[in-house]
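*Asks:* So the sequence lines, in the order shown, correspond to chains A and B.
Take the working numbering: the final residue in the first sequence is number 333, and no numbers are missing along the way.
Take the working numbering: the final residue in the second sequence is number 538, and no numbers are missing along the way.
A hint or two may mislead.
As the list claims (entries may be wrong) - Simulated coverage check for chain A against chain B, where a stretch passes if three residues somewhere in it have a Cβ under 8 Å from a Cβ of chain B:
no.: 1; stretch: 33-45
no.: 2; stretch: 63-75
no.: 3; stretch: 101-107
no.: 4; stretch: 191-198
no.: 5; stretch: 230-244
no.: 6; stretch: 317-330
What the hints assert, rightly or not - Chain A residues, not near chain B, derived (Cβ > 10 Å throughout):
no.: 7; residue: 82
no.: 8; residue: 97
no.: 9; residue: 121
no.: 10; residue: 142
no.: 11; residue: 170
no.: 12; residue: 178
no.: 13; residue: 188
no.: 14; residue: 202
no.: 15; residue: 207
no.: 16; residue: 227
no.: 17; residue: 247
no.: 18; residue: 262
no.: 19; residue: 293
No lab work stands behind these hints, which were simulated from the structure alone.
Here the structure is a predicted model, which means the values were calculated and not measured.
Note that the Cβ used here is the ideal one computed from N, Cα and C, for glycine as well.
Below are the chains, spelled out letter by letter.
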Amino acid sequence: MTTKDKYKKVAYYPGCALEGTGHAYNRSTKAVGKKLGLDLVEVENWNCCGAMEVKNVDPKLQTYLSSRVMSVAANEMNMDVVMAPCNGCYHNLKKAEYDLKNDAESAEVVDGLSKKAGHKTYESGQVETIHALDWIKDAIGEDGLAERVKNSLSGIKVANYYGCMYTRPRHIFPEKDAGPGSESTSKPHFMDDLLAAAGAENVEFPLKTACCGGAHTLSDSDTSTKLVLNILQAAKLAGADVIATECPTCHTGLEMHQIRAEKTLGEKVDIKVLYFTQLLGMALGLKPKKVGVHENISDSMQFLKEKGLT
Amino acid sequence: MPIHEKSLIRPENLKTHDELVIDGIDVSGHWSTFIEPRVVTDYNEALEEEIAALPGGEYIHRCWQCGSCTNSCTVHAINEDFNPRYWIYLIRMGMESELLRDKDIIWQCVSCNKCTYACPRDVFPEGVMKATSHWLERKGHTPMSPSMHFDEVFTEQILKTGKIEESRTIRRFFSRTKQGLFQGWMIEMVKQLLKHLPIGLLTRMGLATFIAPRTRDWSRAGSAMQEYIDEQYEKQEQALTLAQLVEVAREDAAA
Numbered sequence: 024m025t026t027k028d029k030y031k032k033v034a035y036y037p038g039c040a041l042e043g044t045g046h047a048y049n050r051s052t053k054a055v056g057k058k059l060g061l062d063l064v065e066v067e068n069w070n071c072c073g074a075m076e077v078k079n080v081d082p083k084l085q086t087y088l089s090s091r092v093m094s095v096a097a098n099e100m101n102m103d104v105v106m107a108p109c110n111g112c113y114h115n116l117k118k119a120e121y122d123l124k125n126d127a128e129s130a131e132v133v134d135g136l137s138k139k140a141g142h143k144t145y146e147s148g149q150v151e152t153i154h155a156l157d158w159i160k161d162a163i164g165e166d167g168l169a170e171r172v173k174n175s176l177s178g179i180k181v182a183n184y185y186g187c188m189y190t191r192p193r194h195i196f197p198e199k200d201a202g203p204g205s206e207s208t209s210k211p212h213f214m215d216d217l218l219a220a221a222g223a224e225n226v227e228f229p230l231k232t233a234c235c236g237g238a239h240t241l242s243d244s245d246t247s248t249k250l251v252l253n254i255l256q257a258a259k260l261a262g263a264d265v266i267a268t269e270c271p272t273c274h275t276g277l278e279m280h281q282i283r284a285e286k287t288l289g290e291k292v293d294i295k296v297l298y299f300t301q302l303l304g305m306a307l308g309l310k311p312k313k314v315g316v317h318e319n320i321s322d323s324m325q326f327l328k329e330k331g332l333t
Numbered sequence: 284m285p286i287h288e289k290s291l292i293r294p295e296n297l298k299t300h301d302e303l304v305i306d307g308i309d310v311s312g313h314w315s316t317f318i319e320p321r322v323v324t325d326y327n328e329a330l331e332e333e334i335a336a337l338p339g340g341e342y343i344h345r346c347w348q349c350g351s352c353t354n355s356c357t358v359h360a361i362n363e364d365f366n367p368r369y370w371i372y373l374i375r376m377g378m379e380s381e382l383l384r385d386k387d388i389i390w391q392c393v394s395c396n397k398c399t400y401a402c403p404r405d406v407f408p409e410g411v412m413k414a415t416s417h418w419l420e421r422k423g424h425t426p427m428s429p430s431m432h433f434d435e436v437f438t439e440q441i442l443k444t445g446k447i448e449e450s451r452t453i454r455r456f457f458s459r460t461k462q463g464l465f466q467g468w469m470i471e472m473v474k475q476l477l478k479h480l481p482i483g484l485l486t487r488m489g490l491a492t493f494i495a496p497r498t499r500d501w502s503r504a505g506s507a508m509q510e511y512i513d514e515q516y517e518k519q520e521q522a523l524t525l526a527q528l529v530e531v532a533r534e535d536a537a538a
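Between the sequences and the hints, there should be enough to build the whole structure, so can you do that?
*Replies:* Written out as structure tokens, the structure reads:
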């Protein structure tokens, strides 16, 4: 089976953020999948992957949490691909996969916990974890996407922001940096490629993989605000109207600290923040509400109206 | 011991005299800056092992001080005192008192993993930062950092229900760190969201605060993880020699 066919039907792991603050991403991912004829089967009775927090208590617990999600997909649902749109979930599943394959101690702890919890232990290699970007890029491709575009994103200048967890650390993403066509960990381009296929004009944005301080968005807000402000200003200077995101923590962080920067530092940066799936969805002819634009914190409706996407 | 790190020369020990003549020779001004000598005696020989015993610190011994971590560090770019390479050096040398000078900022690592990405020796400096902040807390050098409070609130909720419900986690975190929830920017954020009335979203999030989302049949997984955490904690206490300290104190009290 080709990758293209394999990705037509995947296990969908939304994760906690996509049921709360990142619901717009959940809504738009599903809507885009439906529009493109791709099948998403939600992982049954999933649990949290541990996000950025459990690893600080003990990294092996995080490995266990992620392994359980993959175990359900593989052993209870017979799926061989898990698609996670959230960078945190995607990262953690990838990291668990790496650790289970390469670290005997992690594998032992996970096995012990799985047995006590009463489910089959996940064995590395049972599923392939992919990001929503891989999913659309491989199952549909740029050409396929371009054919289906109803409202071109032409005239919209986009800064594509990928954040930390999609590319770092390198060793947990063996398929990246693998030559022509593969994703790059230093200059990622999958989101650029997809949005360009939908007609958007991508700006040269040097902070694609900069950190938004998401891990400390509440526990050290001043640091997060500084980091976010830097990203917003750099995108603005690069000439972007919109920052496209692919992670609910980054997205919420950018929106929250855009407001916080204005309130606490008096720095107002007028730039929109939208999930890449929202932009793609509208390009495919979906109404803004269908892709959850009203669920974002900041208001982009006027802007979208001007660009003819409503 | 000769001075092996420029950063170990404390600015307050640099002496420049506007007018100073010693044995008839003029040594005034910037050209004749003196360094006041100091003696470091309180090496903690066990420091590296202690950090290595905490999760994340396992590979600190691999470091060969290239500085790629500090060079790539997100936090270093906004605060020059945040210097992972230097802290790893101090830990490996056992210079505890020097490390303690920076005790209040080490927890600020944002886990962006740029250091781990850049490290040619697979030290996993991000993990070392976490291990070091845990060490500082466990040894009583710092109060629990807001970040660790957040990690705890978060982990507790996962052990209990298997899932995170954000507004609950946020409320617990704010109350545990004794911060007011109604900060200006928070209110502004909610105000903006309310402007475009995402009724479905608000209803769902509101409902979730009453009926927490949970993973079914989670209790066995939750208690297995709690058991594991307790076991690990015990092991780490041994490594940190805190256990022995408690023992000595007990004997002392008994006598």
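*Asks:* All hints are to be evaluated individually against the structure, with a verdict given for each.
*Replies:* Hint-by-hint comparison with the structure:
1. 33-45: Holds: 5 residues of the stretch 33-45 of chain A have a Cβ under 8 Å from chain B.
2. 63-75: holds (count 7)
3. 101-107: As far as the stretch 101-107 of chain A goes, the hint is violated, because 0 residues have Cβ atoms under 8 Å from chain B.
4. 191-198: With 3 residues closer than 8 Å to chain B, the stretch 191-198 of chain A meets the three-residue bar; holds.
5. 230-244: Check passed, 9 qualifying residues.
6. 317-330: It holds, with 6 qualifying residues against the three required.
7. 82: At about 6 Å from chain B, residue 82/A fails to clear the 10 Å cut-off, so the statement is violated.
8. 97: Nearest chain B Cβ is 17 Å from residue 97/A, so the label holds.
9. 121: The claim stands: residue 121/A keeps its Cβ more than 10 Å from every Cβ of chain B (closest is about 12 Å).
10. 142: Its Cβ does come within 10 Å of chain B, the nearest being 8 Å, so this is violated.
11. 170: Label holds. Min Cβ-Cβ 32 Å, cutoff 10 Å.
12. 178: Its Cβ never comes within 10 Å of chain B, the nearest being 23 Å, so this holds.
13. 188: Non-interface label fails for residue 188/A: nearest chain B Cβ at 8 Å, not farther than 10 Å.
14. 202: holds, 19 Å
15. 207: For residue 207/A, whose nearest Cβ neighbour in chain B is about 13 Å away, the distance exceeds 10 Å, so it holds.
16. 227: Fine: 21 Å to the nearest Cβ keeps residue 227/A off the interface.
17. 247: violated, 8 Å
18. 262: holds, 23 Å
19. 293: holds, 14 Å
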